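These protein sequence lines map, in sequence, to chains A and B. Mapping of the first sequence onto my numbering: position 98 corresponds to residue 98, and the numbering continues sequentially without gaps. Mapping of the second sequence onto my numbering: position 88 corresponds to residue 375, and the numbering continues sequentially without gaps.
No lab work stands behind these hints: they were computed from the structure. Predicted, not measured: the structure shown is a model, and the values here were computed from it. Keep in mind that the hints are not guaranteed to be accurate.
[As the list claims (entries may be wrong)] Chain A side only, calculated, beta carbon under 7 Å to chain B, not exhaustive: (1) Leu8; (2) Arg24; (3) Gln28; (4) Pro29; (5) Ala32; (6) Thr220.
The C-beta atom is built at its ideal place from N, Cα and C for all residues, glycine as well.
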Amino acid sequence: MTAADRNLPIGLRERVLAASLVARSAGQPVPAVRQISGADSFGRAADAFYDLLCALDEEDWPKPVLRDLDVQGLVGHLIGVEDDVQRGLAGDPAVADAGHVESTQDAAVCQAGRSPARTRDDWRRAADRTLDLVAQGADSGCAAVVAVHGMRLPPPELLVVRAFELWVHDNDVRQAVGLPPSVPDAPVLRLMIDLAARMLPYAAARTGLAGPVDMHLVLTGPGGGTWDVVVGPATRDPEPVAIVTDAVGFCRLAANRATAADLDVHVTGDAGLAADVLAVASALALD
Amino acid sequence: MAAAAQLCLDDPVTTLIAAEHCLRAARHASVQGVEGSDVLLAARLTAGDDHALAEVFDQQASSVYGSALRVLGNGSAAQDVVQDVFVELWSHPDRYDPAAGSLRTYLVVLGRHRAVDLLRSELRRVARQERHYRLTPADPPGSASDEVMAAETASVVRTAVRLLPDGQRQVVELAYFGGLTCREVASVMGIPEGTAKSRLRLAMAKLETVLDRQLLESS
Numbered sequence: 001m002t003a004a005d006r007n008l009p010i011g012l013r014e015r016v017l018a019a020s021l022v023a024r025s026a027g028q029p030v031p032a033v034r035q036i037s038g039a040d041s042f043g044r045a046a047d048a049f050y051d052l053l054c055a056l057d058e059e060d061w062p063k064p065v066l067r068d069l070d071v072q073g074l075v076g077h078l079i080g081v082e083d084d085v086q087r088g089l090a091g092d093p094a095v096a097d098a099g100h101v102e103s104t105q106d107a108a109v110c111q112a113g114r115s116p117a118r119t120r121d122d123w124r125r126a127a128d129r130t131l132d133l134v135a136q137g138a139d140s141g142c143a144a145v146v147a148v149h150g151m152r153l154p155p156p157e158l159l160v161v162r163a164f165e166l167w168v169h170d171n172d173v174r175q176a177v178g179l180p181p182s183v184p185d186a187p188v189l190r191l192m193i194d195l196a197a198r199m200l201p202y203a204a205a206r207t208g209l210a211g212p213v214d215m216h217l218v219l220t221g222p223g224g225g226t227w228d229v230v231v232g233p234a235t236r237d238p239e240p241v242a243i244v245t246d247a248v249g250f251c252r253l254a255a256n257r258a259t260a261a262d263l264d265v266h267v268t269g270d271a272g273l274a275a276d277v278l279a280v281a282s283a284l285a286l287d
Numbered sequence: 288m289a290a291a292a293q294l295c296l297d298d299p300v301t302t303l304i305a306a307e308h309c310l311r312a313a314r315h316a317s318v319q320g321v322e323g324s325d326v327l328l329a330a331r332l333t334a335g336d337d338h339a340l341a342e343v344f345d346q347q348a349s350s351v352y353g354s355a356l357r358v359l360g361n362g363s364a365a366q367d368v369v370q371d372v373f374v375e376l377w378s379h380p381d382r383y384d385p386a387a388g389s390l391r392t393y394l395v396v397l398g399r400h401r402a403v404d405l406l407r408s409e410l411r412r413v414a415r416q417e418r419h420y421r422l423t424p425a426d427p428p429g430s431a432s433d434e435v436m437a438a439e440t441a442s443v444v445r446t447a448v449r450l451l452p453d454g455q456r457q458v459v460e461l462a463y464f465g466g467l468t469c470r471e472v473a474s475v476m477g478i479p480e481g482t483a484k485s486r487l488r489l490a491m492a493k494l495e496t497v498l499d500r501q502l503l504e505s506s
C-alpha cells in the first residue's frame, strides 16, 4: 500500500518511522531491562534454588522428579555438574566431552541415605565455589573458553547456561512437590534468551534445518525483546520469518519443557519454516 | 538432563536424535498467522518490534492524519502531529491500555489533543505578536515623516501605559517591554500567576480603548 493509497503525504511514513527509531532503537523493550553479568545471573538463580530447597519439607525430598531421580538425587546431579564445571575451569580435558547426565550420575546416586540438609548445603557450597573460581579466573585473565560437557563457552556465558539449568530444575522440583512455577527476573531472563538466540544458528547446523531463515524473533513480556538471527545454511537468500511468542514460553521450549504446540505462537511468513526454527530451539536441550 | 546445557558446538548424537524428533513434532504444532489484535500489537511494540510499529502506521496513520488535518487545516502541521503521535506510541507503548479501548481510538484521540494543543499554541503566538506590534514602536522607517509618526505612536503608547494603575502598569512593562512570560512576571512581582494574567487582561482592555481613541485622533 502506497502513501497515496492511504491518503498520506509522500515520505511521511519514512520520516515518522525514522524519527521513532531515533527516539528508541528497535529491539529495546519497555521498560529497559537492566544489564547484569553472567555471574550475577548464576548467583540469582542459585539463591532462588537454595531458597526453594530450604522451603521443602522432609517428605518432599524422596519425590520423583526426572528419569530415575528424586529431588535429592537431582540436587546430587547438580553437585556433580558443579564439580565438572570446576574441573573445566581448571582445564581438565576429561570433562570436555563428558556426557552431562552420565558424568554426574554417581554424584546423584550417592545422595541416597544422606540427610537432605547435607545434600542441600553441599550443593550450595559447590555453586559458591564455581562463582569464586570464575571470579578468580577473571581476575587472572585466564580460561578464555571453558570446555565441559561438549560445550565450548567463555566463563560468563557458561554461567548463564548454569543459571538456565538451575531455573529449569527449580521448576522441575516445584512441579514434583506441587508448588507453582517460578519465573526468573527480567535481567536473568534476558541473558538466557540472548544466549539461546545466539546459539540457534549452531543448533540449526547440527539439526540440518533446510533453511536458511532470516528470523525476526519477538518475545513478549518481562525480559523479552526482539532478535534478528539468520538460521540455517547459507545456500540461498534467507526466507524472512517473524515469530512472536512469550519470553518465558520460549525459554521453556529451549529447555525442552514445552513444545511449540504448547505456546501461543504468531507467525508472519512460512509457517512450516517457523515450526522448523522452533524445533531447533527445542533442540538446544538434551533431556 | 540439564536444560540449556546443550548450547554447545559439539553436541553428542543424542542431541541430533532429539532434534529430529522435535522437528517432526513441531511440524504438527499449531502456529498461527500474526493477528492484528491490539493486545498483541501492544505487546510487540513493548518488546521493541519495529515491524509492529510499521504495521500500526500502515493501519492507523491515515486516520490520525485526517483527524489532525480537520482540526488544523494545515497539511504540514498535521504531518507534525502524526510524527508526534507515533514517536509517543513507540517511546511509551506501555501508556496504551488495550483494556481501555482500541489502538485506533487511542491514536486518533492522542492526535486530536496534539492538534488542539498546537492550534492553541499558534493562536497564542499570533495574539502575542499582534499585541507586540500594537504596543511596540516599529523599526525605524525610511522617511522622516514615518519616523515622526512612529515616535508619536510610541509616545502615545508609553503615556497610556503610565496612566494605568500601578499593579497593571508593572505587569505590562515587564511582559511587553521586559519580554517576560506571565509566570516570570508573577515571580518577579511576588503575586500568583493567575493574578498576573488577570491584571494583564484588564490592562490590555484599557489600553486598547485608550489607544484606539488617541491614535485615531492623532491620525
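Hints, verified against the model:
| no. | hint | in the structure |
| --- | --- | --- |
| 1 | Leu8 | holds (6 Å) |
| 2 | Arg24 | holds (5 Å) |
| 3 | Gln28 | holds (5 Å) |
| 4 | Pro29 | holds (5 Å) |
| 5 | Ala32 | violated (10 Å) |
| 6 | Thr220 | holds (4 Å) |
Checked against the numbered hints given earlier, the structure breaks only hint 5 and satisfies all the rest.
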